[in-house]
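Got chain R; can you put chains X and Y on it based on the hints?
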Amino acid sequence: MNVSQLFLIIFLVSTSANAQGFAGLGTTADGFSVPDPAYQLQFPEDHGAHPDFRIEWWYLTANLQDAQARDYGVQWTLFRLATAPSEEDGWNSPQVWMGHAAVTTASLHRFAERIARGGIGQAGATAAPFEAWIDHWFIRNNAGETTQEIHASGDDFSYNIKLIPDGPIVAHGVNGYSVKSAEGQASHYYSQPHFQAQGTLELDGTPVSVTGHAWFDREWSSQPLASDQTGWDWFSLRFDGGAKLMAFVLRGSGENFTSGTWISPDGTASALPHGSVQATPLFRYVIDGRSIPTRWQINVPEYELSVEVEALNPSSWMDTSFSYWEGPVHVSGSHVGRGYLEMTGYE
Amino acid sequence: MKTRHNLSGGFAAAAALLSYWRKAPGQLFALIFGLALATALWSAVQAINSEARASYDRADGHLSSTGFATLTHRDRPLALSDYITLRRAGWAVSPVREATVALGAEEFPIVLVDSISHPLMSKTTNLANKSEGAEIGVRSLRLAHPSLKNDIQGDVLKGSFTYSDIVPPGLIVADFGHADDLGVPSVPFSYLILLPKQLSDLTPLVQLIPGIITHSAGAGLETGELTQSFHLNLTAFGLLSFVVGLFIVHSTINLALEQRRGLIRTLRCLGVPFPKLIVLLAAELLLFAVCGALLGVLIGYGIAGLLMPGVSATLQGLYGADIEGSLSLRKNWILSGFSMAILGSLLAGARGLFVVAQLPILQGPAQRARGQTVGRIRATGALIGSILLGCAAIILLLSDSLISGFLFLGSMMLGAALLLPVILSWILGRVARRAVPGLSQWLWADLRSQLPMLATPLMALMLAISTNIGVETMTYSFRLTLVDWLEHRFAADLYLRLRADDDPEQISAWLHDHGATALPLVTTVIAHQGHEISLYGVIDHPHYASTWPLRSAEPDPWQKLHAGSGVLINEQMAYGLNLWPGANLTHAQAGELRITGVYPDYGNPGFQMVTSAAQVRKLLPDYAVPSLTILLGSPSKTPILRGLSEEFDVNSTAILDQPALRARSLAIFDQTFVITAALNVLTLAVAGFALLTSFLAMWGQRLPQLAPVWAMGVPPRTLARYELFRSLALTVLTAVLALPLGLALAWTLLNLINVQAFGWRLPMYLFPLSWLKIFSLSLGAALLAAAIPALRLRRISPATLLKVFASER
Amino acid sequence: MALILNSVTKRFAGQTDQTAVLKDVSLHLDPGASLALTGESGSGKSTLLHLVAALDTFDHGEISLNGTRYSTLSENARAALRRRNVSIVFQQFNLIPSLTVDANIALHARIANRYDAQWCDQLITRLGLRDLIARYPENLSGGQQQRVAIARALAVRPDVLLADEPTGNLDEQSSSEVIDLMLDLVRDHETALFLVTHSSEIAARLDRRLHLQHGRVVP
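Residue numbers (our numbering), protein chains in the order written: chain R, 1 to 347; chain X, 348 to 1156; chain Y, 1157 to 1375.
Honestly, the hints are just simulated from the structure, not real lab data.
Backbone N, C-alpha and C fix where the C-beta goes; we use that ideal spot for every residue, glycine too.
Wrong hints could be hidden among the right ones.
Below, simulated EDC-like cross-link-like pairs (lysine to aspartate or glutamate); rule was C-alpha separation at most 20 Å, straight line [to be verified]: (1) X:Lys544 <-> R:Glu113; (2) X:Lys370 <-> Y:Asp1258; (3) X:Lys544 <-> R:Asp204.
One-sided and incomplete, this derived list gives chain X residues near chain Y with beta-carbon spacing under 8 Å [said to hold, decoys possible]: (4) Gly356; (5) Ala360; (6) Ala363; (7) Tyr367; (8) Arg369; (9) Arg608; (10) Phe621; (11) Ala704; (12) Ile708.
Bound-form chain R, shown alone (with noise of 0.2 Å):
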């Protein structure tokens, strides 16, 4: 994709033509919900569309290994954007979606964007039975089962690769009101960290059958960063003996914010409120130009973890209209395991 739909996903998304903070997400949420601490996640209907606030995604990532051990990483995004808070159907619609996947090994990093627009079912979101989807690219419940399915495909690489749930849903900060500033900013913010996944890939028309872990995460708002936030370095991952830690600092002009959960082996998740959770950049790696942390030091004092976190594939730079970095990664140290990092307003 170019800068010039670049702009025009802008224009789309701020109504106001100056875009503050990545992406726009900084503007405020003239008319749109605006997340309610009170607010009781439902399920099947929260894993639909929230037409009514500005932002929304479903988040799909996937740590996989072939026969080999080799690694790759998978995945899969759909971004729900709003120029106003409502529905409608037909060609008068105001959301906007957008799609991302990508594939990446340690040599690797391959990607595709999808955009179309909602109201003509191009692209959507539904509940039940689940389905989120632009053009032939979805995540969807396969019918009468509890396991998942996606696809997505480019011009040099696909995927299909089907989910099986073994663990509970896990709501974020606090019965999924995250917040995400001093100020108050915040989202809605759940995760379903608990997938065994196998399936295939192809990359260059090469099939290649894999197995292992996916992390799948929803959340919506209308203005999930405070006007002076510029990105966020978000971690998800996977400790060998069974905990799970979903941990993000929020970088400002002022002090970071940092917030993130504890997931215990058996699914039970605490959050950890700002300030708990200790991210510093160890190494930075150069990508045309831009300097990108690609190697951490994560420490949570409070479960006793002192991790280095490393990218597999240091060029995991998605180079799509919004773009930022999004790779699998190794953790070592005190834990051992793997998950993903993604990092944005790193322009």
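What follows is chains X and Y alone, placed relative to chain R:
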């Protein structure tokens, strides 16, 4: 101090050098005007070309679907669900609806597009960056061509538009999101654009939507190769004209240098350093080049302005390219005119300066030196000419690319021109030896002795004549071929475009009942070796065999075709895939196809194949019947047209009146001749002018040669006649030698360059009448050129001739 | 300060020392003095003149003018010498046909950047060219052209004035006048005059006379 000395001394020397021109205003005029004419011809062609290209760019910049393949359905209009089906199967398609919108009291054509999926949307967002305050987003896309501004801005109820010329003239383009506001239904779609870039391994379109039809991009006579062919030929022509002009400049510059040898020697004796003299001469040349270029660009602008409406009409009519008939000064062709003039005159003057630089300060009589120098250079010229012709032959034998075609052309033309003086000298020598001793012999010998001085303008004349013969032969061949092709390919009386819901069977039956014959054309598109091939199926009817022109074929190609055992392919496909009659083509769906013939298909960039309709119906169910060819037979046109309209609601735009189309195409094509003819006359005028300036320049040297003959009792009147005879004799000889060169040029353009550039060969037709025309024009130019010196000679006073003897020392 | 030639030998291509066009020519000319060079056609008079004018080079010996040795000069230095120190009146005059008489007279001085309007004016008067200054050379008689050529040569105030058969194209009356003028002018301005002539009468009117025979100075 020293610098100042040099500077003012330099001024004195420069003034002395320049003062020469005061005594030779004719030469000055010839130099600057010659340069100007050369530049003018070149810039006129460049101006026309660049204007045309700019117009294509504008046309390409329009938000149109031209250039994209499109999808429609055989039986029904396409709906939103079809679009979603294809998108969800991974196909990159984009819906388009062409409709009309009522704004104020009038209806305007509108094109509804999906801003997100339309392949040309980036253009509108660029626009948004450029134009202040234009809000372009998915729902804000409401563009109208600026020409509509006054007509539609009154309708405030339906909102405002952004005016931009990225929209085709007279059109409104809006996002589907505005359909409701504008009161235009958003369905059905007129077609879906099939984007050129698609993922691999997608489910075939026809499996997703049975009955869907792919229309390949840009079929038929559109802005494309014919246009480029036209430009290529114009450019080649412009270049040759420029070379002709350069020959004049070359001869004038060298003449001026020769005549100033004495002056240059005197200045050296007076202590002007030699390097400074060379610099001064070069600076003088540059000054003239700039003046000539300036004048030339202005004249070129004028010529282009005069020819532009013709060019515009030609391109617009013939190729559907949208050229505005106006001309604007563009940096690129002005620059190209200037640099050609400056580089050209430096090139033309380089030899003269080199010769001057070689001259020692103390030289014997100038006459002797000149004789030797010119003699040597002519021998060198002939040698270089022979080498160039040798190179041309080697290029022709060894290589077959477009570049080598042009190299061949260049070396052949230049080589032949350089050989001309030697050939002329040889011919004149033989004639002189056989001539009656006495005056006749003197005449021929005198003619021969003048060759060194006249060599350059004669070379220019030969290039001009051969260029004219070449281009004329090419355009005539082009025209004759096209006429023939139009006659045959559009031989039917009417041609009816069918809509999706027309029933070809029913219409055919109706036509049959009314005495006319309908020949349905069945079409589909197949892929073969990465190429998209349009496949046409025709029914068994003698009409095709009798009218369809074939380039080459096996015996009985049509019988074989109707019997299902052969296909005919167009020439582009024959060259492109190297398939010729007798070859076989294996296709997954269509099976093994034997090529039984190749037909010309001018101006179509795509591959095309014709077989029997039955064959298409049997092997490729995914076909369409887009048109009927109607042979009227006995009934007249009007009742059939009325009947079609009443019975089947066929409106007039769906019917092509073939004879009218043919006539229009020819009328338009003839416009190209107006331009070529105008450029022809100009080139010959330039060459004639070169002769004139040479004759005038030789005037001073002619007198010492003529005075003794006069003293022997030949009256000036006779001498004047000899002057005319000299010019005519040389022109006739040159023209005769130019003829084969011109034909070789035409052959190269038709058989090498066109095939390499566009993949079709044009047959070459010879037109001796046009040669005669060019010969007469050249003789006219030669007579005019000789007239002035001849008149002068006729009126010459004995005193002037006597002076020759008096000043002899 | 003088023009000195010392054993100057000049050979053209193919000539041996015996057949050389000039053999061991030596002479001495003081400022204000005049020298006539006589000899048959082909005796080397013009060649010697060209050598003194720095138009051509010699093979042996030396020419020096006011101490400047010709053999040491570059082409540019020779041009500078021609500009300022020696000027020549050609047999064919070599006037610039496209310049008027006054422009022709001023030309050499202007090239040498020594133009002096008063001096030129004086020359025009003394040479009797006053009425002709706006004419072009083609409209002058031979004698008139000769006088223009002399004026052009003197306008630069050379150290040495060279003249190659200056009266060759003139009748007796004009010849005599031209020679008188030249002698007057060089005497008044301390210019040395080096004149080539085949006329004994003219030679007799100069201070000294030198005769060339087969390239050698003979008494």
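Each hint tested on the structure:
1. X:Lys544 <-> R:Glu113: 14 Å, holds
2. X:Lys370 <-> Y:Asp1258: Roughly 17 Å between the alpha carbons, so the hint for Lys370 (chain X) and Asp1258 (chain Y) holds.
3. X:Lys544 <-> R:Asp204: 17 Å, holds
4. Gly356: 5 Å, holds
5. Ala360: 6 Å, holds
6. Ala363: 5 Å, holds
7. Tyr367: 5 Å, holds
8. Arg369: Since chain Y brings a Cβ to about 5 Å from Arg369 (chain X), closer than 8 Å, the hint holds.
9. Arg608: 12 Å, violated
10. Phe621: At 7 Å from the nearest chain Y Cβ, Phe621 (chain X) passes the 8 Å test, so the hint holds.
11. Ala704: At about 13 Å, which exceeds the 8 Å cut-off, the nearest Cβ of chain Y leaves the hint on Ala704 (chain X) violated.
12. Ile708: 6 Å, holds
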